Every structure is written in structure tokens, then in C-alpha cells.
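Student: Sequence:
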Amino acid sequence: MTDQPPPTPGPAGEPPLEELLSVALEAARRAGALLRDGRPVDLGVAATKSSPIDVVTEMDIAAEKLITDHLAEHRPHDGLLGEEGGASEGTSGIRWVVDPLDGTVNYLYGLPTWAVSIAAERDGEALVGVVEVPLRGETFQAVRGRGAWLGERRLRCRPAPQLDRALIATGFNYVTTVRAHQAEVAHRLLPLVRDVRRSGSAAVDLADVAAGRLDGYYERGLRPWDRAAGALIAREAGALTGGRPGGREDDALTVAAPPGVFEPLQALLEDFGAWHD
1 MTDQPPPTPG
11 PAGEPPLEEL
21 LSVALEAARR
31 AGALLRDGRP
41 VDLGVAATKS
51 SPIDVVTEMD
61 IAAEKLITDH
71 LAEHRPHDGL
81 LGEEGGASEG
91 TSGIRWVVDP
101 LDGTVNYLYG
111 LPTWAVSIAA
121 ERDGEALVGV
131 VEVPLRGETF
141 QAVRGRGAWL
151 GERRLRCRPA
161 PQLDRALIAT
171 GFNYVTTVRA
181 HQAEVAHRLL
191 PLVRDVRRSG
201 SAAVDLADVA
211 AGRLDGYYER
221 GLRPWDRAAG
231 ALIAREAGAL
241 TGGRPGGRED
251 DALTVAAPPG
261 VFEPLQALLE
271 DFGAWHD
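Per our numbering: the sequence shown = residues 1 to 277.
Everything labelled a hint here was simulated from the structure, so no lab data went into it. Treat the hints with caution; some may be incorrect.
[As the list claims (entries may be wrong)] Derived pair list, reagent style SDA-like, types lysine to any residue, alpha-carbon separation capped at 25 Å: (1) Lys65 - Arg223; (2) Lys65 - Glu19; (3) Lys65 - Ser92; (4) Lys65 - Gly93; (5) Lys65 - Arg30.
Remember, it's a predicted structure, so these values are computed and weren't measured experimentally.
All chains, please: the whole structure from these sequences, using the hints.
Tutor: This is the structure we're talking about:
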């Protein structure tokens, strides 16, 4: 018998979590289809962000507009924080945190590892999260307190190995000084773990921790839209998430791994100064 997430009403004062999840799933599905099926053969760079190699394409912009239009239609009183400039306060207490295309450089080059990431949060706490990975045909989802799912399969992190047998993922910033230090951190970490992977999409890496495809993940410099949905999915699959010891994941550092890997990995990253240049 298929194990499926049960319908559960939200706490008093919150909208039904099923409603938020349904809106997120439909927006992510539509944006994913647009990005997959509408990619121009001659796709080019529409703008740059933090550096000349941190790019935005016309499809990032189109996908965010599709998502924001969908949210405005179905949740008109909610706030919004979107990577490509969409932002509004809202009056409902719910804020949507949207990355319409996480892994833009992969997408620009025709590589398959990119995703649509959508989360709904209240008071900075994620309530629902969806990571749509169209070229894998995968939809990751989570509702706070109800577990994480890939389609109809409930997700669980891998049992924690010894750190020297752990497969760890990371990513690199597009600002030269930041990525140079990130390379130094990875250089010091590499001999201490099984291996290090770099997919180019934080949302996919966090979802892959949840799915047991990675033993851990860390990255400096993620913004809320990079991590909101994926971090919730990882937590609901049994991972710990955080930043520096004792702190939550933030713009300085995000770490996600099952208990037993999280603690030694976080300690090493603190020792290596992974949160600064």
C-alpha cells in the first residue's frame, strides 16, 4: 500500500497547509514546463547580478512572472520574495519565497541540473516547500511536521556514515574573492570525506540530501530563495540544518546532513572559516 501524506489542517490562524501546498505544486509545475519546453535554442544572458558570470536569462524572468501571476490569482493577500526582483509585503502573514530557476548557468549551457524552488513561510518559518526538477521528472515536496515526499514516496535521509565515508555536496559563489576562499575550504575538506560533488543547484542538492543521494551539503552565500524550500524538505526527511554552530542556516552558511554527519561537518566548516572570505 502506498504511503501518502495525510491531509492535516493547519494550526489556528494559518491557512490550510494543503491549500498552500497545492498552490506551490501547481506554480512549480507550470514554471517547470515553461522552462523545459520553452527554452529558446539561442538562449542568451538577459542581465547579470553579483558579477559578470552570475547571469539571468529571459527564461528566469518569464518563469518568475508566471509564478507571481499564479500566486497573485490564488493568494492575493500574501507577501512575496522572488530572486528576480519580485517583492511585496502582503497582509496575510504568509510570504512566498521563490527561485524561478535555481541553476541558471546549468540551464544556459543545456545541463540538466536545475530546478524551480517555491516555499511558503510565516514569521520566517517554512510551512511548505516544493522543488521541481523537470529534466529528472521529479517533484520534491514537504509540509512542516508531515514529512518530505518525492511523488508518492516518503523520503528519508541516508543513515549517517563515518565522515570519511560521506559524500558531501557544495557550491561556489560567483564573486571571485568569495569563491577563492570556498575553494580553499573544499581543498581542506576533500581528504576528510569520501568525495565532494558540485551540481550547480542548491535546491537540488538539498532535495538530494532528503532523498539519500548525498550524505551532506554545505554552501556559503545562499539567499533565502536558494534554500527555503530545499532546507524544509531536508529537515522533514530527517536531516539537521543550520549555519554556524548554534545558529540557523543563513546568508553566511547553510549546512544540511543527517545527525552523525551534520555535527562533525559543521565543526570542520567552523574551523575552516567557511562562513567568510
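Student: All hints, please: hold or fail.
Tutor: The hints, checked one at a time:
The suggested pairing of Lys65 with Arg223 holds, with an alpha-carbon distance near 19 Å, which does not exceed 25 Å. Proximity of Lys65 to Glu19 is assessed by CA-CA distance (about 21 Å); at most 25 Å being required, the pair is judged to hold. A distance of roughly 21 Å separates the Cα atoms of Lys65 and Ser92; the hinted pair therefore holds under the 25 Å criterion. Simply put, Lys65 and Gly93 have alpha-carbon atoms about 22 Å apart, close enough for the 25 Å limit, and the pair holds.
About 11 Å separates the Cα atoms of Lys65 and Arg30, which keeps this hinted pair within 25 Å; it holds.
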